[in-house]
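**Student:** The listed protein sequences correspond, in order, to chains H and X. Under the numbering used here, read the first sequence as residues 7 to 331, first letter to last. Under the numbering used here, read the second sequence as residues 7 to 331, first letter to last.
Note that these hints are calculated values from the structure, not bench results. Hints are not guaranteed to be accurate.
Pairs involving identical chains hold if they fit within one copy or between any two copies, as the list cannot separate such chains.
BS3-like cross-link-like pairs, simulated, lysine-lysine; straight-line CA separation at most 30 Å [what the hints assert, rightly or not]:
hint	residue 1	residue 2
1	139	108
2	185	139
3	156	288
4	251	185
5	33	108
6	156	33
7	19	108
8	156	36
9	139	325
There are 2 protein chains.
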Amino acid sequence: MNTISLNAGNGGKEMQEFLATFLPGFKRGKWENGTNDSATLQMPDGQHLCFTTDSFVVSPIEFPGGNIGDLAFAGTVNDLVVMGADPLGLSLSLILEEGFSKDLFERVVQQIQYLSDTYDIPVVTGDTKVMEKGSIDQIIINTSGVGMAKRVKNERLKKGDKVILSGGIGEHGVALLSKRFDFETEILSDTKPLTEEMRGIRDFIKIAKDPTRGGIASVLHEIASQEGVELEILQESIPLQKAVKTAGNLLGIDILSLANEGKILCFASDEQAEKVVQILKKYNPLASIIGTVTDENTKSRVVLKTDIGSRVLSSPSGKIVPRIC
Amino acid sequence: MNTISLNAGNGGKEMQEFLATFLPGFKRGKWENGTNDSATLQMPDGQHLCFTTDSFVVSPIEFPGGNIGDLAFAGTVNDLVVMGADPLGLSLSLILEEGFSKDLFERVVQQIQYLSDTYDIPVVTGDTKVMEKGSIDQIIINTSGVGMAKRVKNERLKKGDKVILSGGIGEHGVALLSKRFDFETEILSDTKPLTEEMRGIRDFIKIAKDPTRGGIASVLHEIASQEGVELEILQESIPLQKAVKTAGNLLGIDILSLANEGKILCFASDEQAEKVVQILKKYNPLASIIGTVTDENTKSRVVLKTDIGSRVLSSPSGKIVPRIC
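Looking at chain H on its own, in the form it has when it is part of the complex (with noise of 0.2 Å):
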């Protein structure tokens, strides 16, 4: 059928394809990284601006450990601190159905204005639009942001180059998927800014992302692809909440695919790997290395090493979780 189909949106392999059908006829000009997380544009005296945008169209709209305030706030924050930079300030676009609840919305944007208060980032330009009753399902919320960075992280990965995991994935996935399917868990979404943390190990770091849709599945495959390296991956490093792993059981999900709002997915040098493992640690005890980048030249594949064996974990595809960020 000549439609677009709710699996463009996965965050893996359907998603890159349907990119792949329109991004490459926009021209980018002067400025890199596109396809990154923040698009950067150097600037007369050296420094990198960098520039993002994500649309926020999760379901339901608060969930254990949050709401879509605290989401669309840390999401565009995260955009910008992966790619070294400082935040300089947010937009808030608010698309509301109409008979949206005042107090949910007070409450997004309290969320929303107690976090930038907290991190110091201010939200400075908006737009409101109002949609008659049935045309979406109650607040869609578009953060962007721009930041500026000293130097843009992206060095070339080289074999024996770690990867290290700021802490436990899947949490924001699965404190979703309790309210989604009303399960009882302890587990509350991730999401936070990760100024403090990326602010601590950017200078000893060659690329980070933060695994959101599609989790780290999706990021691995596609630092490994641009990058063109091969990525081992110890499946028993990945560090994992015991009530994450219970709730992927119970709902037969891969919590590999499964969003992370508040995570931190970075390449670091055999030497300093151990360094910005002690850092992050600061933030989150379950910090760790997950796997080393085994091969630099031709193969472009991410390597699962499990107990019984190692398989070549494939990009996510189907349908993940829709509505997830």
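Keeping the supplied structure of chain H fixed, place chain X upon it in accordance with the hints.
**Tutor:** Coordinates of chain X only, in the frame set by chain H:
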């Protein structure tokens, strides 16, 4: 009822009241002009970074003279250029409904690529979400933009300054309504990036705005209240295509409140006004002086002078025309 009404997005009085319930809670840091089209931040070299955002929810998606893609590109570019900025780049965030036509999607994207190439303003970062059928109406686009301005135009208005309009009003509104209500008209939407026009006049004006949602009525009120001035507008000098007037009468709609997507409303000193009009006439023969600043002290109001006497123009309120941009 404690819910959000459609009027909260009307670009007029109720929208200002709604925004006043939460916008003051946001701190702006060192950013200025946050309530204008773009927020601005002075850079170490003295230039001003401009940042803006807009979400487009227009229905129908295609209309005489353009589609939602033209609107999204031009709308965000215009919010930058009216501040005196040269646009550096735009972001493109797509929210698509499952089952949306790929042909229509292609036409939307092609228009954005065409304008991006023509005006040499790259689209540098993006986001794509696909939602289940029924959870949005086909497509929503957010475009945010960054630009750099040597000077930010926002000089104090003085008694005797002139109000200038760059061409006929109401064309976008009438074009859209002709498709929505299926009547015949020769009018095309005026959707257009105003980069050239603004480069021509920006050194000779005090304030510029693009009168989109809420029309010139809304923008005149905004400026009168923000600047604390009284504006006298001569009804007969407001440029207007005859077919727009006919359609306005037919539909019983106030054309002064109808959206424009390719017009500039600006203010210049009495000495500069004629020069500004001459420059604008190169792009649109209907460019005219439409009024004067008659008081710079206490009265924040807009007076409309007609053949049969003067009346105070009220701020647009109630259900104007939803989903027009």
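**Student:** State for each hint whether it applies.
**Tutor:** Evaluation of the provided hints:
| no. | hint | result |
| --- | --- | --- |
| 1 | 139 / 108 | both (15 Å within a copy, 26 Å between copies) |
| 2 | 185 / 139 | both (24 Å within a copy, 21 Å between copies) |
| 3 | 156 / 288 | within (24 Å within a copy, 43 Å between copies) |
| 4 | 251 / 185 | within (17 Å within a copy, 53 Å between copies) |
| 5 | 33 / 108 | between (42 Å within a copy, 21 Å between copies) |
| 6 | 156 / 33 | both (25 Å within a copy, 25 Å between copies) |
| 7 | 19 / 108 | between (39 Å within a copy, 18 Å between copies) |
| 8 | 156 / 36 | both (17 Å within a copy, 20 Å between copies) |
| 9 | 139 / 325 | both (28 Å within a copy, 14 Å between copies) |
Hint check: no violations occur; every hint is consistent with the structure.
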